[in-house]
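Chain Z is already provided as a structure; the job is to place chain E on it using the hints.
Chains as they are written, first to last, in our numbering: chain Z, 1 to 167; chain E, 1 to 210.
A portion of the hints provided could be inaccurate.
In silico lysine-lysine, BS3-like type, Cα no more than 25 Å apart, as pairs [claimed, not checked]:
no., chain 1, residue 1, chain 2, residue 2
1, E, Lys201, E, Lys109
2, E, Lys182, Z, Lys78
3, E, Lys109, E, Lys86
4, Z, Lys115, E, Lys143
5, E, Lys84, E, Lys143
6, E, Lys136, Z, Lys78
7, E, Lys109, E, Lys131
8, Z, Lys78, E, Lys143
9, E, Lys163, Z, Lys78
10, E, Lys182, E, Lys84
11, E, Lys201, E, Lys76
12, Z, Lys115, E, Lys109
13, E, Lys109, E, Lys143
14, E, Lys77, E, Lys182
15, E, Lys63, E, Lys136
16, E, Lys163, E, Lys63
17, E, Lys109, E, Lys182
18, E, Lys84, E, Lys202
Going by beta-carbon spacing under 7 Å, a handful of chain E positions derived as facing chain Z [as the list claims (entries may be wrong)]:
no., residue
19, Gly85
20, Trp96
21, Cys97
22, Ala98
23, Val102
24, Pro164
25, Ala170
These are calculated hints, taken from the structure and not from any lab test.
Ideal Cβ positions, reconstructed from N, Cα and C, are used throughout, including at glycine.
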Amino acid sequence: MKNLSMILPAVCVLLAASASTQQLPWQGKGGSADKDHQSVRYLFPEQVTVTANKPATVELHFRIADGLHVNSHTPHEKSFIRTDLVLAEPSGVKIPAVDFPPGSDYSFAVNPSEKLSVYTGEFVLVAHLTAQPGEHLLEGALRYQACDSTSCYPPRKLPVAVSVIAR
Amino acid sequence: MKRNLLVPIVVLAALALMVWAGVTNYRHRKQQQAQMQKMEAVLIPNPPAASDEAPYRSPLEGKPAPDFTLEDLSGKKVSLASLKGKAVIVDFWATWCAPCKVEIPWFAKFHDQYSAQGLEILGVYADELDKDNLVKEKADIAKFMTDMHMNYPVLLGGDGIAKPYGGIDALPTTFFIDRNGKVVASTLGLVGRDEIEANIKKALASGASS
Chain Z
1 MKNLSMILPA
11 VCVLLAASAS
21 TQQLPWQGKG
31 GSADKDHQSV
41 RYLFPEQVTV
51 TANKPATVEL
61 HFRIADGLHV
71 NSHTPHEKSF
81 IRTDLVLAEP
91 SGVKIPAVDF
101 PPGSDYSFAV
111 NPSEKLSVYT
121 GEFVLVAHLT
131 AQPGEHLLEG
141 ALRYQACDST
151 SCYPPRKLPV
161 AVSVIAR
Chain E
1 MKRNLLVPIV
11 VLAALALMVW
21 AGVTNYRHRK
31 QQQAQMQKME
41 AVLIPNPPAA
51 SDEAPYRSPL
61 EGKPAPDFTL
71 EDLSGKKVSL
81 ASLKGKAVIV
91 DFWATWCAPC
101 KVEIPWFAKF
111 HDQYSAQGLE
121 ILGVYADELD
131 KDNLVKEKAD
141 IAKFMTDMHM
151 NYPVLLGGDG
161 IAKPYGGIDA
171 LPTTFFIDRN
181 GKVVASTLGL
191 VGRDEIEANI
201 KKALASGASS
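The following block holds chain Z by itself, in its conformation from the complex (with noise of 0.2 Å):
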């Protein structure tokens, strides 16, 4: 978590208003979000607590299958599909940003010379928020593209959903 990189564009924030007339993040283009065919799970949490009106962090815990790796937030080549999480911003609710692990360096046995920024096995996204009283629901989506030693699968995206309760 040290190790944590901040990176104030990752997030995609959307305002709740037009959130509800729009097509959610996870809904639009870019990666299905069929649920029999996802590679990652998100574990918790589901519920948070937080002091109102004072910046707070959220861990957000995902998981990838056993077998496969997911593109790092920053992937070495510009035409990977990055790991990303994209946030409907509820009213009440600022997410000024969201930090990425580094990923970790993967190669193909028959090109070891080439080397991959992945994710694999479990990984933690950080939410930074501020949230007034009250209860809120944050909602989004994790877009990520998973691949196993030798194939890769299509892009996908995981629906989120985090209740955060502000006193």
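Using the frame of chain Z, we list chain E on its own:
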């Protein structure tokens, strides 16, 4: 007397409460475990270890390759039927597919090496293009082709022909078609260069000569 009775009652009540809380907690944990197992069941199953893995074999092998007509980046239509008499590689790929990036330079070299003997390679772009962003997506593919020195045509609309090709669930997926239009070999995922070359030779050797 009343006090003497009250103490054991309170103790018993406390014990009963503790037992109840323990049982409830145990049940809750069991439910959570069951829920987690259910969630794990929707994950893509672990790929088998390399040693256990049976070689991929498309059901299309030994059958005629499904015909298609797709456009290349310039809009020119290319049909598989028009290539009859040639050995054809149909390679489903995408710019975001890292193992495809490993194979593409091999295909470019094989194209140089075997085109005189009648080999054609078609790179079929498997991903659905964003119609609202078509110009940029095409430009990205064109740049990728240049960067990777792709010397064979890339056809768009691969998602539309995935079904007759058995459903393209992962990339790269490659079909080797002989001069009569029959699928003689197929590969799923990154395989060795030697395996690809052996499949090319198989495709060139089978079927009628052009």
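Can you name, in rising order, the numbers of the hints this structure does not satisfy? Violated hints (numbers, rising): 2, 5, 7, 9, 11, 15, 19, 24; every other hint is consistent with the structure.
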